[in-house]
Amino acid sequence: MAAAQVDTCVGDLEGNARHVLEWTRRAADEGAQLVVFPEMTLTGYPIEDLALRASFRRAAQATLERLAVDLDEAGLGDVAVLVGSVGERAARRLRTDRQADDGRAGGAGPEGLVEPGTPTAPLPDSELVGDVVAGRPEASDAVRPTNDAVLLRGGRVETRYSKHHLPNYGVFDEYRIFSPGDEICVIDVAGRRIGVVICEDIWQDGGPVSLMDENEVAALVVLNGSPFEEGKGHVRAELAARRAEQVDAPVLYVNLVGGQDDLVFDGGSFVVDRDGTPLATAPQFVEHLLLWDLADEGEPSLPGPQVPALHPDEETYRAVVLGLSGYVRKNGFRSVLLGVSGGIDSALTAVIAADAIGGENVVGVSMPSAFSSEHSKDDAQDLARRIGADYRVQPIAPVVDAFQGQLALDGVAEENLQARVRGVILMAISNREGHLVIAPGNKSELATGYATIYDAGSIGGYAPLKDVDKSRVWALARWRNNHAVDRGDIPPIPESSITKPPSAELRPGQTDQDSLPPYDLLDEVLDAYVEHAEGRAELLARGFDEHVVDRVLQLVDRAEWKRRQYPLGPKVTALAFGRDRRLPVTSRWREP
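Using this note's numbering, read the sequence shown as starting at 1 and increasing by one per residue.
Treat the hints as calculated values from the structure; they're not laboratory data.
Predicted model only: the values in this text are computed from it and were never measured.
Careful, some of the hints might be misleading.
As the list claims (entries may be wrong) - 25 Å max Cα-Cα, derived DMTMM-like pairs, lysine to aspartate or glutamate: (1) K330 <-> D173; (2) K232 <-> D296; (3) K232 <-> E245; (4) K377 <-> D355; (5) K330 <-> E314; (6) K377 <-> E495; (7) K330 <-> E245; (8) K232 <-> D355.
Claimed, not checked - Label-pair ranges, simulated between beta-carbon atoms: (9) E297 <-> G388: 23 to 29 Å; (10) E22 <-> A370: 54 to 60 Å; (11) A397 <-> V235: 29 to 35 Å; (12) P312 <-> V69: 43 to 49 Å.
From the three backbone atoms N, C-alpha and C, an ideal C-beta is built for every residue, glycine too.
Between the sequences and the hints, there should be enough to build the whole structure, so can you do that?
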């Protein structure tokens, strides 16, 4: 058995099919008889509303059928290949939230949490209503898209299985898009019966896995498109262990890898034995072929290759690197551009970019103002030298003076003018030379609105640190420098960029703490308010200072309009701004 942990691109049907062919050949060369690819491999994942286009579904099906033939013609027809793709079925009226509350639908969500009202099963066929499906857009031709696992063998599409449980929480919106399946899938490979399910199907109690033991499967394979999230790895393993015990068979969990917009898929595929013992693991954040031998019936399970777990800081660092590299590559860019100030945020962002696409493809622009310190300019130049970036200096004073000659601004308006001039300069260079502008702002700034909108810290197409709070920025910078030392390399981030007080340097002697609480305290309050949805009363009950709480909540609530206009960035925490947290911009609600 082979878990092909691959990186795909949404909509690149031909490219993804070539990838399947290539990795199947590799697996067959290693003796694999069954190759399992991740969820929605052929189409990329998530495809969102592309699934609702009949033209896209037709193209996916044609590509799938052609892939089956290509595999056969390449001498791989005897290999059983499970690949994820989009399918379709007649639309049905689905059970509603009210019916779910009556106990006729619903189930356990991730980490065993109950998701009330999760629609999980269609009503009887007698209640088919064409293309009218409650709570969803209409689909043409009275069909709905499905999220399928497809078995290719012998030059043809042999079997299809449609995902039963469609997640509708956090970053997922599958219930709006797909129609659920209702059949069990057990395939035969070399005389062994293999159960097949897709991702959310193992998170739900009472789902298709509960029927697998009746089919006496030798192993259960799970196709996954499970995004990275700090601390999520052990949850997946524990869940797979429970399902292995349930079916009394080993579980092969294969996960997607790569960056897709604001999601990062970390791979980390694995095999657990029927008693939950880890048998084989794949590395995270890289494409990999995990090979594992299913023992003969009655024989003890065989161990396979295993890799050590990553340190949490390394996990997060590699996630943001992969997110940026995927965005750059899949959108046709070759280089990135950012403002480098000598501060910790721009320094870490530049190093992430260098690790993602090579330092020679990073352009760092120092844009000193009248208030920029000499050490800041020196640190920016030193950083660029360490990572091999294209370093440029573009003073902003002449441009600011031109604006001031017309506007005569002062106070905050003058500070914001300086910041926005930097954004204009970066976009102008981007337009002239074709670089992708990346924003170095962090989650703490984004949460509190502590950034000038359209400035060098918030402008561009991608923001690697969007879901990394300020305290973690320092931790990741320390980890990256220590990693360099461990390898005998020069630390990429100047020490003074890490240790000096953070400042926007828009007025004399300015520091961030003039306007914000200390970052360690700020981030603790933000974590409670944003990620755990604790209100003012709960925060005060935990012992936070009333003045700090009121100030932070006011800043967060007033900054929603800024967050809506912020670039995409990789999700690494349990709750990221964007898909995870959806609040109205216009709202008079304030925490009592």
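Self-check item: Violating hint indices (sorted, rising)
Solution: 2, 7, 9, 11
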